[in-house]
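Going down the list, the protein sequences come from chains A and B. Each residue of the first sequence is one higher than the one before, starting from 1 at the first, in full-length UniProt numbering. Each residue of the second sequence is one higher than the one before, starting from 1 at the first, in full-length UniProt numbering.
Be a bit skeptical, because a hint or two may be false.
[To be verified] If we take Cβ atoms under 8 Å as the criterion, some of the chain A residues that face chain B in the derived model are:
| id | residue |
| --- | --- |
| 1 | H82 |
| 2 | A85 |
| 3 | E555 |
| 4 | L557 |
| 5 | E595 |
Read the hints as simulated data drawn from the structure, not as lab findings. Glycine included, each C-beta is placed from N, C-alpha and C at the ideal position.
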Amino acid sequence: MTESFYRPGDPIADGKAPAGPIADRWTTRKFEAKLVNPANKRKKKIIIIGTGLAGGSAGATLGEAGYHVVQFCFQDSPRRAHSIAAQGGINAAKNYRNDGDSVHRLFYDTVKGGDFRARESNVHRLAEISTQIIDQCVAQGVPFAREYGGLLDNRSFGGTQVSRTFYARGQTGQQLLLGAYQALMRQVDAGNVELYPRHEMLDLIMEDGRARGVIVRDLITGEVKRHTADAVVLASGGYGNVYFLSTNAMGSNVTASWRAHRHGAYFANPCYTQIHPTCIPVSGDHQSKLTLMSESLRNDGRVWVPKKTGDTRRPYDIPEDERDYYLERIYPSFGNLVPRDIASRAAKNVCDEGRGVGPGGLGVYLDFADAIERLGRKTVEAKYGNLFEMYERITGENPYETPMRIYPAVHYTMGGLWVDYDLQSNVPGLFVIGEANFSDHGANRLGASALMQGLADGYFVLPNTIGDYIARNDLGPVGEDAVLEAETRVRDRIERLLSIDGDRSVDSFHRELGHIMWEYCGMERSEEGLRKALELIPALRAEFWTRVKVTGRGEELNQQLEKAGRVADFLELAELMVIDALHRTESCGGHFRAESQDEDGEAKRDDEHFAYVAAWEWAGEGAQPVLHKEALEFEYVKPSQRSYK
Amino acid sequence: MKLTLRVWRQKGPGDKGAMVEYALDDISPDASFLEMLDVLNEKLIAEGEEPVAFDHDCREGICGMCSLVINGTPHGPERATTTCQLHMRKFRDGEVIDVEPWRAKAFPVVKDLVVDRSAFDRIITAGGYISAPTGTAPEAHSVPVPKPDADRAFEAAECIGCGACVAACPNGSAALFLGAKVTHLGLMPQGQPERWDRVVGMLETHDEEGFGGCTNTGECTVACPKGIPLDVIGRLNHDYLKATAGGRKK
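Excised from the complex, chain B in its bound form:
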């Protein structure tokens, strides 16, 4: 395949970025999008230019490290797919492809296509866990979990924390990410004692980190590579209201 890439190049956080055009030929349709970028980088190195910096790790669609806004869509055109699992057979020969980093105030650009997503870790740190000190756990079968609850919790727990939801949201909101964690933990009996503190703590941190408010546009769930459903946001709102109403929490 022959391709024209227009790639966002930016030296560092304080520098001005720009789209730079590169021509590629002889790309295998079986290559993944990231393998196509590997080929581009090999070519740039051979020509004495600096390769394009981008984030990636497992290349199996599960670590959540890869990003990229491809032709205006986070993780590219295929639904429910991470960039590393997107293959070039999904593009046309001769296509012009725009490649940009996640665009969100809370995810500052580090270099080229790499952004800083550490705000997600700080949201988890603010309550996205169940306090279970090591070695004190009761026998696993002592707390049954109804299968439908376990299955729904699992679906929410599938979130890989890639940040596509934020990149897709016109408000730069992380409500889907947050809703997924609140839903995962809030559906299990083990998650009940901290349920109300959790949602308040995580939402406060979310706002402090510069993520926008959710206005239910639903772009997040369309972009989500794991298909996290929009109703987790409903649950987030429900839990937040319940936690704050009646003076349970401030």
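So here's chain A without its partners, still in its complex pose:
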């Protein structure tokens, strides 16, 4: 029945992952890769879009390797990429705690945590590289938390039972990003990286079916510029802002990926959106974004709601026996540390029952009273002080005295452009790394694994695999026709956006789209809701192109024009997300289909029919997308129903 929304296409094979024992595959791949002669590297140009953990580390490493790197970011400095906001930590299988951790256990946990919708080969490589990442970052001077003996400290993190998370207070992303940024600036100083901040990629230059460059807009002058290269790397992050309200930075967008998708790059698993359980609840209509509270808070905070529905007493007036510590009750072995999808949906369920707290009843308590009593306020302050401060600033409430209120929010997207084992998309010469690709997280990402993937891709994987592509393809200069074609597309689109001169602001469209997505393609999706969204989104898109008002001109700093282009792409992506969610009639990880649950209300996966990656091909405007399936095989981790009880 859902077939009417898409057309089936040919299946795809996960090319390039070498055969053999899983622990040897990455070593094998590196050895098989053709090398570029060091003297030739500087003649080879690589474009990188984005300067976050993935892009920044890739630029630094490729620059150092001797390639000529041309790198862009839309922010005013590479140091501001949104990776900077990651709070909690980064996982690595160092087993410094002697608690039974190993590469194999990290691999196992990640495959299981991804609800058996990630690739074994990729995830194993990620686990292997994790230890090297910590070494690299320490060498760069990243000030990780230390113990009194001077060695690195660790903590446990949502979804795992071993302490393998390295952290720098609640600002791990910031410190890791600054490490990558500084390494990148060192390459700028050395002349290996040409850096263009406040530039946005608006299209891909394609020649003979290959990615050969990009068209960018200088966000200060409005000038449309062309850059050609031997290969293009997208490290442009996730697309959670399709929901308008999310934990993403305001500028985070899908444009670079979406423009590539329109040139044939498959978009994989777009419906897999991770909802983060510990965000500060919405306070009003003015709200522009949601703020995440690090998941590490769940190590010591206890989640609860009143047992009675509609209990409006203040939290400290509710006696112990009238509180429901529902995570500890339903999931006794993991308790407050259950994975994100489980914690998020459990919060939604108790709120749906009318037991939610705070304005509008959309919130649950995260209570530190026990931790403060057990550890003392000073210890709690040392661990979480900055998070408590942030909470107080936003809500005006003091979490040392009254429990925090939290609610789930859109955080991270596990879908993204399809890539092979080499992180190359199906468009030759187009590589995709970090959150912008789909490959390692399956349907649900565990805490502290996104930072690990961004840095693994950028420091260690891509620099090895892209060399193989460059060594095998000696490409000449790009023809003027290909460049002009891309440039014309960009100019026409800018012109079109500016000429509509309607009566509705860009933000008003974005907000409306966000409402539709959260309502019908959010924490829980149903066939009925998704079908409704498929009527609403195209109508909203049509209205956008007739009624949007973009003020100002193209040849200047024009923030409305920037937003308009991004929202136009979100309006197309949203439809694909809904189609993907509709066709996947199973529940897995962050994708919970109302029709697919067991008698306890737990997610019911369907391995028989859905153990595949859904890779979508663009078929043109208004045409049904084509679904290519990549079968997933599990040789090392037997798929089992995830149970945290």
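Given the coordinates of chain A, assemble chain B onto it according to the supplied hints.
Chain B alone, transformed into the frame defined by chain A:
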């Protein structure tokens, strides 16, 4: 809440700017300062006027993109707070609020409230890093770092590079920004080999970019949203003297 805003409007770098007054009503006290500006912009668009350009991104107080001099103070009246984390409940109903860009020679205005802070990147490029080629790092536990050093390095490393220190300084000096980086890297064993080159390179670039000299007024640390302490400047001066004295560096 009802508010009167006086906002700096300037079309481009070469144009003359002026304060323009706008009246707003119905602002939620729970809105952040930037969300209040979003409301203003929606209103301006509806009235057919150009919205106010301002910088912002993460809105979580960590990316360092937001700026604004609010009632004469960088990032506004609340201590240790970025503009994006400043909420309207900190203002009075009916208040008149002045909103201006960072004011410093080294941060030229791009448009309205947006300034160019790329000089900071050039200071980092001149040595604000540890040279650690990818893939050659020793095992992380092979170099212990005393916890007090790691903690102090972390405090300095918290700098978000927003530039409030420069905007607050009567001399337009970036000594706090620079001191924070020199302190962060100089306290770690990994940062020692390049310690002296780093401080000299960064300070030379700082001066070339048009930042002023530091006269220890301390305004920077008062304005800093991350509470970077003034003693990082002491460390900067100490390292610079040590690097240049006795002919170690020119």
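Cross-check of the supplied hints:
This hint holds: H82(A) has a C-beta 6 Å from the nearest C-beta of chain B, less than the 8 Å allowed. The criterion of a C-beta within 8 Å of any C-beta in chain B is met by A85(A), whose closest approach is roughly 5 Å, and the hint holds. With a cut of 8 Å, the hint placing E555(A) at the interface with chain B is violated, because the nearest CB-to-CB distance is about 11 Å. At about 5 Å, the closest approach between the beta carbon of L557(A) and any beta carbon in chain B falls short of 8 Å, and the interface hint on this residue holds.
Taking 8 Å as the C-beta cut-off, the interface hint given for E595(A) is violated, the closest approach to chain B being about 36 Å.
Hint compliance for this structure: hints 3 and 5 are broken, all remaining hints hold.
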